[in-house]
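J.: In order, the protein sequences belong to chains H and C.
For the first sequence, the working numbering assigns the number 0 to the initial residue and increments by one for each residue that follows.
For the second sequence, the working numbering assigns the number 2 to the initial residue and increments by one for each residue that follows.
Keep in mind that the hints were calculated from the coordinates and are not lab data.
Hints may contain errors.
Unchecked claim - Subject to a maximum C-alpha distance of 27 Å in a straight line, what follows is the list of computed DSSO-like cross-link-like pairs (lysine-lysine):
(1) Lys-50(C) x Lys-35(C)
(2) Lys-13(H) x Lys-50(C)
(3) Lys-106(C) x Lys-34(C)
(4) Lys-34(C) x Lys-74(H)
(5) Lys-65(H) x Lys-58(C)
(6) Lys-97(H) x Lys-126(C)
(7) Lys-15(H) x Lys-74(H)
(8) Lys-53(C) x Lys-26(C)
(9) Lys-112(H) x Lys-65(H)
(10) Lys-34(C) x Lys-97(H)
Since this is a predicted model, take the numbers as computed values, not measurements.
Residue-level listing of the chains:
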Amino acid sequence: MRWFHVDRFEILEKNKYARAVKCATLGEDHLHDHFPGYPVVPSALNIESMAQTAGVLAGYTYDFKKNVILAKVEKAEFPQMVRPGDKMVIEAWMDEIKPEGCWTHAKITVDGKLAASASIIFVHLEDALPESFVFTENFMDLLRTSGVI
Amino acid sequence: MPSREEIVQKVTDVMVDTLAVEPEKVTMDAVLKKDLGAESIDFLDIPWKLEKAFNIKIPREELFPEGLASDPTFVKDGALTPEGLAALKSRLPFVDTSEFEEDPKVSAIPDLFTVGTIVRYIETKVGA
Numbered sequence: 000m001r002w003f004h005v006d007r008f009e010i011l012e013k014n015k016y017a018r019a020v021k022c023a024t025l026g027e028d029h030l031h032d033h034f035p036g037y038p039v040v041p042s043a044l045n046i047e048s049m050a051q052t053a054g055v056l057a058g059y060t061y062d063f064k065k066n067v068i069l070a071k072v073e074k075a076e077f078p079q080m081v082r083p084g085d086k087m088v089i090e091a092w093m094d095e096i097k098p099e100g101c102w103t104h105a106k107i108t109v110d111g112k113l114a115a116s117a118s119i120i121f122v123h124l125e126d127a128l129p130e131s132f133v134f135t136e137n138f139m140d141l142l143r144t145s146g147v148i
Numbered sequence: 002m003p004s005r006e007e008i009v010q011k012v013t014d015v016m017v018d019t020l021a022v023e024p025e026k027v028t029m030d031a032v033l034k035k036d037l038g039a040e041s042i043d044f045l046d047i048p049w050k051l052e053k054a055f056n057i058k059i060p061r062e063e064l065f066p067e068g069l070a071s072d073p074t075f076v077k078d079g080a081l082t083p084e085g086l087a088a089l090k091s092r093l094p095f096v097d098t099s100e101f102e103e104d105p106k107v108s109a110i111p112d113l114f115t116v117g118t119i120v121r122y123i124e125t126k127v128g129a
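Looking at chain H on its own, in the form it has when it is part of the complex (with noise of 0.2 Å):
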């Protein structure tokens, strides 16, 4: 599991708010054919990124000690593009925590614009499974250089 998707948290609230912040630049590849002298972030990678700080929250819920997988995005929208240079503040709410998952929602905003909004739910897997492939040593080692655990 990768975390390019979020630079650094900022807050962490366990069962109720994440914030984190992520920065577009041109030194990411993908934004010079996405598209081809117009760029602008991917509104996938939107959802990746609040997928991710949502993802947090849910893993907190657990201690990080549930492979947390993302099961359905609804309502996502994305009233503004985001472009190179833009700093993105994403946060996420904790709406519902049942034995079988996390109800989250999240947004960005830049410049404290909406430029992206979502709903988003995780499950778990069970305990018989091998140790953690989502909540890494690479993904902890961003969590404590963010200072937020």
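Since the structure of chain H is already known, use the hints to place chain C on it.
T.: Just chain C now, with coordinates in the frame of chain H:
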């Protein structure tokens, strides 16, 4: 206590919201999986949205039970045994099994879950 019309409207709203279907497709006979395209995760999401819509609690597996068809005492040759059928009716008293009982194939179990099934379940929960 909501009226039946209010229940039907809220259930319709939940189906439209969860399954991204046109309201016209949400008829009482519409099968969640076959007609409205519900997938496995939707069977977790629908109870949660119903809980919010009706301010009720839906215990896990009360609306969509799991494992019934994998119990060897309940299934033989791809069909529910009399014990399996009894268990199905006991666990899902709000489901209309009259047609299903004539040929209780396991593969037909998902077809029991229609919008009307959900409405009847909610009626039992809210006492309408």
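J.: Are the hints correct? Go through all of them and say.
T.: Evaluated hints:
Among the hinted pairs, Lys-50(C) with Lys-35(C) is consistent with the structure: their alpha-carbon atoms are about 20 Å apart, no more than 27 Å. Proposed proximity of Lys-13(H) and Lys-50(C) is supported: the alpha carbons are some 23 Å apart, at most 27 Å. A C-alpha spacing of about 16 Å is found between Lys-106(C) and Lys-34(C), which places the hinted pair at or below 27 Å, so the restraint holds. For the given pair, Lys-34(C) sits about 20 Å from Lys-74(H) by alpha-carbon distance, which is consistent with the 27 Å threshold.
At most 27 Å may separate the alpha-carbon atoms for a hinted pair to count; Lys-65(H) and Lys-58(C) meet this at roughly 26 Å. At roughly 20 Å between alpha-carbon atoms, Lys-97(H) and Lys-126(C) fall within 27 Å of each other, so this suggested pair holds. With a C-alpha separation of about 20 Å, the suggested pair Lys-15(H) and Lys-74(H) falls inside the 27 Å cut-off, and the hint holds. For the hint pairing Lys-53(C) with Lys-26(C), the CA-to-CA distance comes to about 22 Å; that is within 27 Å, so the pair holds.
Pair hint Lys-112(H) plus Lys-65(H) does not hold up; C-alpha atoms about 34 Å apart against a cutoff of 27 Å. Proximity of Lys-34(C) to Lys-97(H) is assessed by CA-CA distance (about 23 Å); at most 27 Å being required, the pair is judged to hold.
Checked against the numbered hints above, the structure breaks only hint 9 and satisfies the rest.
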